[in-house]
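So the sequences go chain by chain: A and B. Start counting the first sequence at 1; every next residue gets the next number (our numbering). Start counting the second sequence at 1; every next residue gets the next number (our numbering).
If you are wondering where the hints come from, they were derived from the structure by calculation, not from laboratory data. The beta carbon of each residue, even a glycine, is placed where N, CA and C say it ideally should be. Do not take every clue at face value.
Mimicking DSS-like on lysine-lysine, the simulated pairs with C-alpha atoms at most 27 Å apart in a straight line are [to be verified]:
| id | chain 1 | residue 1 | chain 2 | residue 2 |
| --- | --- | --- | --- | --- |
| 1 | A | K214 | A | K90 |
| 2 | A | K90 | A | K68 |
| 3 | B | K42 | B | K56 |
| 4 | A | K124 | B | K53 |
| 5 | A | K3 | B | K20 |
| 6 | A | K7 | B | K174 |
| 7 | A | K218 | A | K124 |
| 8 | B | K56 | A | K80 |
| 9 | A | K7 | A | K90 |
| 10 | A | K124 | B | K56 |
| 11 | A | K57 | A | K68 |
| 12 | A | K3 | A | K294 |
| 13 | B | K20 | B | K34 |
| 14 | A | K294 | A | K7 |
| 15 | B | K248 | B | K174 |
Partial list, derived from the structure: chain B residues whose beta carbon lies under 10 Å from chain A [claimed, not checked]:
| id | residue |
| --- | --- |
| 16 | L12 |
| 17 | S13 |
| 18 | L16 |
Chain by chain, the residues run as shown.
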Amino acid sequence: MTKYVVKRLLLAVLTVLVICAITFFTMHAVPGGPFNREKALSEATISALNARYGLDKPVIEQFVLYMKGILHGDFGVSLKNGREITTIIKESFPTSAKLGVSAMAVALLLGTVFGSTAALTRNKLPDRVIVFLSTLFTAVPSFVLASLLLLFFCIQLGWIPVWSQAEQNYLLPIIALSAYPMAYITRLSKTSMLDALGQDYIRTARAKGVSRFKMIFKHALRNSLIPVITYAGPQIAYIITGSMVVETIFTVGGLGSKFVSAINNRDYTLIMATTIFLAVLMVVANVICDLLYKLVDPRIKYD
Amino acid sequence: MENNQLPKKHLLSAQLDLSKFSAPQFEAATDEEKRQQDVMSKSTTFFKDGMRKLFKNPLAVLSLVILLLILLTVIIAPMIIPYSYEEILSVNGKRDKGAKNLAPFTYSEMEQEYIDAGGTRFPHIFGTDEQCRDYFIRVVYGTRISLSVGFFASLIVLIIGMIYGSISGYVGGKTDLIMMRIVDIIYSLPDMLIIILLSVVLNEVLKFPSGSALAKLGTNMVSLFIVFGLLYWVGMARLIRGQILSIKENEYILAARAIGAKPGRIIRRHILPNCLSVIIISTALQIPSAIFTESFLSFVGIGVKAPMPSLGSLANSAREGLQSYPYKLIFPAIMICLIVLSLNLLGDGLRDAFDPKLKR
């Protein structure tokens, strides 16, 4: 177990390093420095600015400096408005986290409920409906769903107010964000539930007269939940990228929409910082999922 | 050697010595026994058998039909419709300023006058957009772009993944270990973020000489393909490696090796054809995910370049006038869903038909 944990953590650290390197060096490949403006600055000013931000040093040294800064929680300043990026992240991340965590919770909860229901009513009406809907929703990109939800519920019907700082209604963004993971988890948890129901211990339980309720909740569901943990990992990545789109559409002022506007403004330092921040988040989430999976199911080999 | 003379029996052989028997001692086969040797129906190949199973699956057939219809429309429509995707509408050579944001199947005032005067005007099936361009043809071109991006991206993924995976799987040992560690690292990278990052940078860095084929395609498209080629092949490589590892153990591979076939030939002639079904299925399932990614990038603003439409960028630009012109969102949105859904269902159908083992 310890060996596996160490190996997994090492891989994670290596991944984070690779991400930082890719981010830093690709951003360095962009022609033109950060001080390229419409109005050309004088040579002296540019070299002074370069010296001020350490841009006159060799690239490798700059990378080391940048990494040191990140480890101290300093991502530099935004190119567009000169604000500290750390402050921007601190301000906008809680909103995104709230949205993302609730979407993930909804997806996990409803996904397993729907999946298990479908497995228990195999080839009957509820199963058909659930399978149909989950197939449908895996084909709808989050931005399409988000735009359509906004169109129908906020604009056409006017049931739900458009998101604003004063009136924070998370309902539609959560639906838009959780639809795809929910559909995905539904499909997979249906299979794992069917798998669990076909096991010998279920037959044994039924043979000795365990009630259906107890059989489903105590024996089948518990075992079918184990693989769901592995599906959760990749879905977190989906939720993080999906939140960019959903936040932009619903004008929720989270980190995702900040990222999209940074892309459109070509705000390179902010793009860099957000990429690294979100990537580390994804890697950490994946590690937690992996370790949790091994922890929950002792039958799995640690190789 | 004479015909009826049998080869000499080896001293220790357990074979019957046929020379000691004569014809009457053998019982002739009855008609019924002979009939057992009859071939009842034509033998089918693996491919034909799979296709037969595929066509028995109504969902797969339906999605195949829908895809073919979309493909036909996308090919034929630009030939019939007299507008082009970047053409700003004009009547009699004069710019038609009233043709802005028309609803489906309506004409602007200028066009109406022209029709009243006896001219014919092709109807705007999906209306027009905010820059007075025919929206239907834009959606058609957007579909074209999205489909071809999906197709070519999957092709790139397939080629790279196949070469990498087969080398890694076949050679094995230390090479395999190192190659698979590289795959592990790329696999654990958050692909979407790296794609966004690379697209942003490549859009700035890539500059093609004007007039060349690459320049026509646009930097965004090229960077999209580069990004796919760099990141998405790892899944395919893993899959093919796994397949090869299991196929490699078969006797016919040993036989091929024994008669001196070269590794390249063994991979090409003996191993790859045997994992073809897995390859086809995962390629088919790769296309919708590539379309997803493309539309996402276009939506974020780093997909295909401005006058050229893609379904994602059409949906994105439709957001501005969402309140007044919802159909501009709905048409490309439905198109994406339809394409992805039918490709998904077709992929599932292919999987069930060609490789029931994979069914989950």
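Do the hints match the structure? See the list:
Restraint check: the Cα-Cα separation between K214/A and K90/A comes to about 46 Å, which exceeds 27 Å; the hinted pair is violated. Proposed proximity of K90/A and K68/A is supported: the alpha carbons are some 19 Å apart, at most 27 Å. About 19 Å separates the Cα atoms of K42/B and K56/B, which keeps this hinted pair within 27 Å; it holds. For a cut-off of 27 Å, the pair hint linking K124/A to K53/B stands: about 24 Å separates their Cα positions.
For the hint linking K3/A to K20/B, the alpha-carbon distance of about 72 Å lies beyond 27 Å, and the restraint is violated. For the given pair, K7/A sits about 18 Å from K174/B by alpha-carbon distance, which is consistent with the 27 Å threshold. For the hint pairing K218/A with K124/A, the CA-to-CA distance comes to about 24 Å; that is within 27 Å, so the pair holds. Only pairs whose Cα atoms come within 27 Å are accepted, and K56/B paired with K80/A is rejected, the gap being roughly 59 Å.
Pair hint K7/A plus K90/A does not hold up; C-alpha atoms about 31 Å apart against a cutoff of 27 Å. Annotation: proposed proximity of K124/A to K56/B holds, straight-line Cα distance about 21 Å (limit 27 Å). Our distance criterion of 27 Å between C-alpha atoms is met by K57/A and K68/A, whose separation comes to about 15 Å. With a C-alpha separation of about 12 Å, the suggested pairing of K3/A with K294/A holds against the 27 Å cut-off.
Only pairs whose Cα atoms come within 27 Å are accepted, and K20/B paired with K34/B is accepted, the gap being roughly 26 Å. A hinted pair counts as satisfied when its Cα atoms are at most 27 Å apart, and K294/A with K7/A qualifies at roughly 13 Å. At most 27 Å may separate the alpha-carbon atoms for a hinted pair to count; K248/B and K174/B meet this at roughly 17 Å. Restraint check, L12/B versus chain A: the minimum CB separation of about 50 Å is more than 10 Å; hint violated.
A distance limit of 10 Å between C-beta atoms decides the matter here; for S13/B the minimum to chain A is near 50 Å, and the interface restraint is violated. For L16/B, the interface hint is violated, since its Cβ never comes within 10 Å of a Cβ in chain A; the closest pair sits about 50 Å apart.
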